[in-house]
Amino acid sequence: MLGFFIQRIFQAVVVVIVMSVLVFVGVYAIGNPIDVMIDPAATQEIRENLIAQYGFDRPLYEQYFIFIGNVLSGDFGESFVYRIPVLGLIFSRLPATFELATTAVLIAAIIGVPLGIWAGYKPGAFSSKLIMALSILGFSLPTFWVGLILVMTFAVNLHWLPSGGRGETSDLLGIPLSLITPDGWSYIILPAFNLALFNLGLLIRLARAGTLEAMSSDYVRFARAQGLKESTVVGLHVLKNISIPIVTVFGLEFGSTLAFAVVTETIFNWPGVGKLIIDSIMVLDRPVMVAYLVLVVLLFVIINLVVDLLYGVLDPRIRARRSS
Amino acid sequence: MLSKKNAILAITLAVMGATTLSAQVLAEDLTIGVRAGPDSIDPHWSTLGSQAESLRHIFDTLVGVDKDLQLQPALATSWTPIDDSTWEFKIREGVKFHDGSDLTAEDVKFSIDRIPQVTGPMSMTIYTKSVASVEVIDDYTIHVHTNGPAATLPNDFIRLFVVSSEIGEGVGNEQFNSGEAAIGTGPYKFVSWEPKGDLVLTRNDDYWGEKPYWENVVRKEIPNDASRVAALQSGEVDLINYVPATDYAAMQNDNRLDTFIADSVYILNITPNVKDTLPVKAKVNGVEIEANPFQDLRVREAFDLAINRDILADVVLEGLGKPANQLMPETFFGGSTDLPMPEYDLERAKSLLAEAGYPDGFEIDFACTNNRLPGDAAVCEALSQMWARAGLKVNASALNGTVFFPAQQAGDFSLWLSGWGTLTGEASYTYGSLIHTADPEKGLGAFNKSGYSNAEIDALLEEGARTLDDDARRALYEQVTELSMTDRAMIPTVIIQTVWAAEAGKLTFEPRVDQETLAYLIQPAAQ
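Protein chains in written order, with numbering that gives the first Met the number 0: chain A, 0 to 323; chain B, 0 to 526.
Keep in mind that the hints are not guaranteed to be accurate.
[As the list claims (entries may be wrong)] Reference listing, derived: stretches of chain B covered by chain A, where coverage requires no fewer than 3 residues with Cβ under 8 Å from a Cβ of chain A:
#, segment
1, 35–46
2, 114–123
3, 198–209
Don't read these hints as lab results, they were simulated from the structure. Positions of the beta carbon are idealized from the N, C-alpha and C atoms, including for glycine.
Only chain A is shown next, with the shape it has when bound in the complex:
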């Protein structure tokens, strides 16, 4: 088990190093951040002073090693645009994105898995066909378009829900959250549903495929022969057996929803980290880009780790193999 952890951490370190090199080279190839940010009226002298001040006149490898040295002492640097520490900047926005992504994948799982199982359990029924048709819409309609339609319908025409923003937040253990108050829910429900749609479609299809296959397997027949109730057969035995692919996809999708919620955040003006990162890319704010991507890598590593551990919980065979 310990070897397993060490291997994972080693992998993460390699990915982080490769990625930081890529970001450095990439930004360097596009050009000098000062040229993107500088005011048109600046003189050549001001421009050169700025370039020297930020160290952009040094060779790339030197800039990189200065950065690595700072990171090793726990300093990710300051944003060029805001001149505040990047970690503070990112963590001030991260709770909003985390909350949005978590709500979205939970909506997808709570609605998607039961619907998928139903569609697999009764593949011929009209309701199942309807579910499948809707699931196709779920992952084929573009997110931004659905988002705009949701805003037009529920905010502009019906005035039921706000068109964007996050509303008042309440602190839970020092973290500002929307989910505690009804007002907060009115803000989060549309973007979360919008973000959930794709995952919803995906989970319905996965659960259906797994259920279809499981229903014709021996253990289902034996369970039925044993006289178990259908709800127990499906809800316990089938669900457990189809869980591994679902958990895998759920984990991956949670990661990418968290990291790339930017389209939804833009449409609903959700004050998350996605908007921040896009703006930072636009002005080549390198410290923010690097720090954010490092966090994303760590996030994926942690999610994959949790998913791997869950495999053991769900499947006794994997548990047995690992302990031997």
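Starting from the known structure of chain A, fit chain B onto it as the hints suggest.
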């Protein structure tokens, strides 16, 4: 029966009273959906337009501007040159900071001296570059000593925000963003802000100038155009800026919304590269040629004549544009009212090209931005089609600003379209940067990437910078405008117009040419 009726009446009255009361309370507040906000609450951090716009609520500038960007008194009540390198500013008396302390000349000196220490990559030193030192004469007088004559110093100081000297040195963005150091003299007091989030303000009841109407103001940053429009339509915000052209057309028929339209300071200009060799060479019949066709004035003129500016304004920009014949609005200091509007004349363009030795036209690359100003990419593509009718093959490529600006700075383009806003309202800002020969030692021509160099224009611009008499200077700059435009150093196309939209009957204001949406200049609509 009677008593029951009375009770109902009483309840109705009470409810009505409560509704009117709450309506009044609501009417005191204003929520604005803006496309962009500040990068920091430190007014000396960045020259970004949306930064100045936001912080103008909290801090006052030394010199003010009216809605047409012409100078007016603000914290300084008067300014006079007392010799060739000294300006005297009289500071307004009786102005108080939000913490109750008095504004004095020390605060002004502190603010000017502070800029080089704290400013960021969009460096505010462009506004203080001619300042050699600041001398406090008495509590309400300062002398600014300049490096040589600096005729435009008052124009530079329209962005000089005054902070309290009591905040001390070494204070940066974090202390300003938290509100600790956000102490100005402006019409609103700072309440809260976070990067890319809402800026919350409350009225400064001790303001020295006209007291603003709205008690609480929230400026919500909503960068996405569709989301900003939806926020207005759903009643989340009372007013939005930068309404997209497509929505503007629909809004004019919507009686629930009021719209306000105005010229901006931004003009889309074409720059032909006139260096001896083009970075990407022109091709005649598919074969690269060594000569640079743009060195011939007839070619530049042909490019100009082939542009149908009315089509650009009315069709391509969907009515949100106006033909331009110079690099800044003609009402600005040094603009020319004598320049004719270039006529669209395709035949003349073709014959000029033939005279210049290109009877079959030529092929050239054309770069432009696609995210800097509304309609920039659309105008770019329309231009290449217009030139195609004159027999030219122009390969337009619309690039993201992140890619465009470094490449432009490196001199990679042969022909390009970019927006320019004359933010200071006077000619030396624009013509000194774009048209004067690139000369780092003089600090002029920093954005002249075309290699254009005209000794006559250079001499006029330099003389203007030394001329402290306003009328004489204005005449010199008018000459610069006329000469450079006739010589097609750059080819202006259209002035971008911008639109605001508000809930119908809620408010009224006069749009400003710098497009700033300032809560303290917005009045409730007359009932």
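Status of each hint after checking the structure:
no.	hint	in the structure
1	35–46	holds (count 4)
2	114–123	holds (count 4)
3	198–209	violated (count 0)
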